[in-house]
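Using the sequences and the accompanying hints, generate a full structural model.
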Amino acid sequence: MSVLFTSISAGNTVSVQDVRETFAKLNVSVPESEEDDYQKLLAAIHDCAETVAALPDSHPPTDLERFPRNNVHRPSLDENILGHAWAHTFSIKDKNPTGCLAGKTVCLKDCICVAGVPQLLGTDIIDPWTPETDATVVRWALEAGAEIVGTAHCENWCQSTSSFSSAQGVVHNPYAEGYSAGGSTSGAAALVAGGFVDIGIGADQGGSIRVPASLCGCVGLKPTHGLVPYTGIASNDPIDDHAGPLARTVMEVAQCLDAISGYDAIDDRSLDAPKHGTTTFASDLLSNPGAKGMRIGILTESFEIALLDKDVKDLVLSAAHKFKDLGATVEEVSVPMHPLGVAIWTIQQRISGYLALQGHQTGRHSYGLAGLEEAKLPWTQEKFDKCAFQQPKTYS
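Residue 0 is where the sequence shown starts when you use numbering that gives the first Met the number 0, and the numbers rise one by one after that.
These are calculated hints, taken from the structure and not from any lab test.
Mixed in with the good hints, there may be bad ones.
Here are the simulated lysine-lysine pairs, DSBU-like style, with alpha carbons at most 30 angstroms apart [claimed, not checked]:
| # | residue 1 | residue 2 |
| --- | --- | --- |
| 1 | K291 | K92 |
| 2 | K323 | K291 |
| 3 | K24 | K291 |
| 4 | K375 | K385 |
This is how it looks when you write it as structure tokens:
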């Protein structure tokens, strides 16, 4: 790898001592006769870094004329519902809505960017920051005719599968006040299941769509990785970032998935995704109202976990076998490594997640949320103490 430069800037601060300290951190050294050459090389790279850092941030355009933001409001405790389900309420829709989501109301997990709407991320470790662009899923949902009516509270930094870790307050299960709605897409699942909105769009790295959908009694889907672009959504790590829909019916989930699926040139997670607007999830459901031709596997190892409640196990297996009556093939399958999934996921989260928290997510072709990174940094003792108080195990 080469570095092209013809001169070093007059104000460049890189010194030979910086060279020595850099190599010392790597537990290596270079001959003293070569230190001046390395100083020039590092100084040239420093000049390049200064040039790039001074450039203005690039943001995908947002059509505020077609999709104006109306009545953006952070509800008070008295105004909120299900505890603290709403982060912000507003109305955004096309002036002439048409498409597969026309007439549908949608809420968004509060890690999904909406231009001009402050984002809380379930924490008070940082001040709310305001995105300058809409996430791709927001733009595509609006283009499909949806009215987006608010952002819904998520758990603290999206790091819990319960619904009490948000710094803004708890989210109650819509069927039982004082009980968990699940997380981390807690607010959206509760609002959908409670009938306050038709559809929610959430994010899932380790159950964050599926767990609250299960606890609230609605349909939640974690799509195939990359099918739904993650552009403009606060990331844990690209390897396990998934965005997907929640709704009260399978058909509404399919309609939303048609609206928000597809290749997005800004997001390298979506390289293998089909062209946006070409999926047929909803029409396939209509053409095959049963389950003829579907093959359903019951993962045997997943039903052998010690913590699994027997009633839950029996109910899930009973529901799975009902698909036989609808024409599906239902059979047991074995993945012997499945019990290792928890350990593998735990280590992957620690290796990748700390990079996100420290503002060091680089090396991917994507839209970086520079405003969020600026809000995170620098880490201070006060921020760490809030983490430890709110979710000590999450931030370990």
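Restraint check for K375 with K385, where alpha carbons must lie at most 30 angstroms apart: Roughly 13 angstroms between the alpha carbons, so the hint for K375 and K385 holds.
Holds or violated: K291 with K92, Cα cutoff 30 angstroms? Not OK: K291 and K92 at ~37 angstroms, beyond 30 angstroms, violated.
Does the alpha-carbon distance linking K323 and K291 stay inside the 30 angstroms limit? 9 angstroms, holds
Given the proposed pairing of K24 with K291, does the C-alpha separation stay at or below 30 angstroms? 62 angstroms, violated
Violated hints, in rising order: 1 and 3; the structure is consistent with all others.
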